[in-house]
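> Under the numbering used here, the first residue of the sequence shown is numbered 363, with each subsequent residue one higher.
A couple of the hints might just be wrong.
To be verified - Computed cross-link-like contacts, EDC-like style, restricted to lysine to aspartate or glutamate with a CA-CA straight-line distance of at most 20 Å:
1) K592 - D498
2) K523 - D455
3) K525 - D630
4) K523 - D498
5) K624 - D516
6) K592 - E643
7) K674 - E643
8) K523 - E672
9) K592 - E635
10) K592 - E658
11) K525 - E667
12) K592 - E661
13) K652 - D528
14) K592 - D489
15) K523 - E667
16) K674 - D524
17) K525 - D498
18) K674 - D528
Simulated from the structure, these hints should not be mistaken for laboratory data.
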Amino acid sequence: MKAIKLYLLGLLLSCNASAIIPENGWWWNPSESGRGFNLEVQDNLLFFASFAYDANGNPAWYTAGGPMSSDRDWSGQLVVTSRGQCFGCAYVDPVRTVVGTATLRFTSSQTAVLTMNGVPVNVQRFDFWANNLIPDGMAGEWSAVIGAGTDVYDGERIDYKDKRSDASGTYMSGFRLGSNVTTNPAIVRYNASQGQWIALLDSSSSFYRLFIFTTTGFNRVEGNFWVYAKGGTPTGGGTFYQAFRTASSTFLTTGAGPASTKRAQAYDPAAFEARDARLFEAMSARPQAKETIPGEVVEMARALEARLAELKGR
Numbered sequence: 363m364k365a366i367k368l369y370l371l372g373l374l375l376s377c378n379a380s381a382i383i384p385e386n387g388w389w390w391n392p393s394e395s396g397r398g399f400n401l402e403v404q405d406n407l408l409f410f411a412s413f414a415y416d417a418n419g420n421p422a423w424y425t426a427g428g429p430m431s432s433d434r435d436w437s438g439q440l441v442v443t444s445r446g447q448c449f450g451c452a453y454v455d456p457v458r459t460v461v462g463t464a465t466l467r468f469t470s471s472q473t474a475v476l477t478m479n480g481v482p483v484n485v486q487r488f489d490f491w492a493n494n495l496i497p498d499g500m501a502g503e504w505s506a507v508i509g510a511g512t513d514v515y516d517g518e519r520i521d522y523k524d525k526r527s528d529a530s531g532t533y534m535s536g537f538r539l540g541s542n543v544t545t546n547p548a549i550v551r552y553n554a555s556q557g558q559w560i561a562l563l564d565s566s567s568s569f570y571r572l573f574i575f576t577t578t579g580f581n582r583v584e585g586n587f588w589v590y591a592k593g594g595t596p597t598g599g600g601t602f603y604q605a606f607r608t609a610s611s612t613f614l615t616t617g618a619g620p621a622s623t624k625r626a627q628a629y630d631p632a633a634f635e636a637r638d639a640r641l642f643e644a645m646s647a648r649p650q651a652k653e654t655i656p657g658e659v660v661e662m663a664r665a666l667e668a669r670l671a672e673l674k675g676r
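Use the sequences and the hints to build the structure in full.
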């Protein structure tokens with residue numbers, strides 16, 4: 363299994379720039395509950411705010427902001443704000459007092475070291491839903507952009523809504539947006555031994571679409587993509603892809619919840635057959651097509667093929 367880890371890591375590094383995108387939202391240290399930190403990045407500017415306490419235990423509101431010096435580093439002047447407007451009161455301009463410096467060193471899109479006036483604390487994105495649960499974190503609709511550099515580009519939208527289980531554990535099942543589970547079923551499951559997710563879509567009458575990826579945020583993933591012929595085997599280095607959650611699991615199950623406004627109106631099997639054939643031909647002509655894919659990847663794909671056949675009732 364070490365070989366497969368190194369192979370997949372190499373694919374991600376070869377297709378991926380080393381840069382990261384820090385995730386916006388609430389952060390905390392789970393061992394030090396009672397205070398929190400809000401981070402938001404807009405282009406290259408980061409805004410930081412914290413609800414915390416001063417040395418006397420009084421609540422304090424700290425803010426800072428400014429440009430990032432790299433994809434991983436930021437520092438700003440730390441300001442404490444006090445004596446401002448209460449709810450229902452007339453506006454009062456708060457008092458702002460500079461109290462030092464805050465810095466952030468991101469170690470991933472969801473982890474960082476926050477240093478305030480020389481005191482470091484490890485912080486991470488605050489998961490108050492089920493984003494880190496397996497397989498719940500994949501529930502919802504995921505819209506993907508496939509391709510990088512001079513590759514042939516394509517897109518995909520898959521709805522994962524049903525949790526299932528087999529001898530290998532739990533997984534999410536779903537289907538391509540605009541289709542259904544008996545026509546274009548999809549499966550996504552987590553492989554703990556390699557620390558990555560693997561998904562397979564029954565894309566057309568002749569082709570499967572394979573995705574192997576890691577999460578880079580609660581609503582964002584990055585990884586590698588293959589298209590391969592049914593009865594055949596995924597080969598080569600695949601190509602880069604990234605995907606974003608564009609509909610919540612609640613929306614898929616109840617019709618009410620956060621979701622993108624545009625939904626598929628019709629599904630054309632012949633069009634997807636042609637798209638898959640075009641992608642397969644283009645990817646087969648790339649230098650990466652000569653790479654040897656580990657046997658474990660093939661085995662995982664075969665296992666998912668069997669689950670897809672069950673969903674289609676074959």
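> Which hint numbers doesn't this structure obey?
1, 2, 3, 7, 13, 14
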